[in-house]
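**Q** Sequence:
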Amino acid sequence: MPAGDHMSPETGGKGQSSPFLTLVRGAIALLDWSGRLIVGVCLTAMFAALLVNVILRYAAGSGISWAYEIHAILLPWLVAGGLVIASAKGRNIAVSLLSDMLSGRARLVLNIFIQAAILIITASVLWSSHPILKASQFQTLSTLGIKQIWGYSSIAYSFGAMSLIAFLGILRTLAGEDVADLALEDTSLS
2 MPAGDHMSPE TGGKGQSSPF LTLVRGAIAL LDWSGRLIVG VCLTAMFAAL
52 LVNVILRYAA GSGISWAYEI HAILLPWLVA GGLVIASAKG RNIAVSLLSD
102 MLSGRARLVL NIFIQAAILI ITASVLWSSH PILKASQFQT LSTLGIKQIW
152 GYSSIAYSFG AMSLIAFLGI LRTLAGEDVA DLALEDTSLS
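Residue numbers for the sequence shown follow our numbering, beginning at 2 and rising by one.
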C-alpha cells in the first residue's frame with residue numbers, strides 16, 4: 002500500500018498525519034498532561050493538609066498553622082493547571098456560532114484569527130504580569146516563610162502554556178487541520 006493510504010482519525014480519514022502535525026499534537030498533549038499533573042498534585046496536597054489539620058484540631062486541640070497558608074500557593078497552581086487542560090483540549094469557554102456557520106477556507110481563516118487573538122491576549126497578560134511577579138519576590142507568607150512568587154508564578158505557567166497552545170493551533174490550522182471542529186454537542190458538560 003502506498004504511503005498516505007492508511008486512514009488517520011486526526012486527518013478526518015484522509016490519509017496519514019504528517020510528522021510535523023504529530024509533533025505539534027504531541028506538544029499540546031504534553032502541556033495537557035503537565036496541567037493534569039499539577040492539578041492532581043495540588044488537589045491531593047490541599048486535601049491532605051486540610052484533612053490532617055481537621056484531624057489534629059479534633060484529636061489534639063490544635064492544628065497545623067501552615068495548613069491555611071499552603072492554599073495561597075497551591076490554589077493558583079490548581080487554577081493554572083485547569084486553564085492549561087481546558088486550553089489544550091479546546092474546552093475553554095467558546096461561542097461557536099460563527100465557526101459553525103462557516104466551512105472550508107473561511108472557517109480556517111476564522112480559526113487563525115481566533116488563535117492569533119488568544120495568542121495576543123495571553124502574551125499581553127504575560128507582559129503585564131511582570132511587575133506583579135517582580136513585587137511578589139519580596140512578599141513572604143508569615144507561617145511558611147515561602148515567597149509569594151511561588152504562587153504567582155502560576156500566571157507565567159498558565160498564560161505561557163496557553164500562548165504556546167494558541168501558536169501551535171495556528172500551525173495546525175495553517176497545515177489544514179480544523180482546530181474548531183470540536184463536536185461541542187457531543188462533548189458539552191452542560
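Simulated from the structure, these hints should not be mistaken for lab results. Mixed in with the good hints there might be a few duds.
Keeping only pairs whose Cα atoms sit at most 25 Å apart, straight-line, the calculated SDA-like set for lysine to any residue is [stated by the list, open to error]:
no., residue 1, residue 2
1, K90, G105
2, K148, I65
3, K148, M47
4, K148, H72
Distance ranges between label pairs, derived from CB positions [what the hints assert, rightly or not]:
no., residue 1, residue 2, range
5, K135, A61, 36 to 44 Å
6, A30, I56, 25 to 33 Å
7, K148, F114, 38 to 46 Å
These numbers were taken from a predicted model, which means no experiment stands behind them. Each residue gets a CB set at the ideal place from its N, CA and C atoms; glycine is no exception.
**Q** Against each hint, give a clear statement of whether it holds in the structure.
**A** Hints, one by one, checked against the model:
1. Distance hint between K90 and G105 is fulfilled; the C-alpha atoms sit about 22 Å from each other, no more than 25 Å.
2. For the hint pairing K148 with I65, the CA-to-CA distance comes to about 19 Å; that is within 25 Å, so the pair holds.
3. A C-alpha spacing of about 18 Å is found between K148 and M47, which places the hinted pair at or below 25 Å, so the restraint holds.
4. Our distance criterion of 25 Å between C-alpha atoms is met by K148 and H72, whose separation comes to about 13 Å.
5. Range check, K135 to A61: Cβ separation about 41 Å, and the 36 to 44 Å hint holds.
6. Checked against the hint of 25 to 33 Å, the C-beta distance between A30 and I56 comes to roughly 38 Å, which is inconsistent with it.
7. Between K148 and F114 the beta carbon distance is about 40 Å. The supplied range of 38 to 46 Å therefore holds.
Hint 6 from the list above is the single one not met by this structure.
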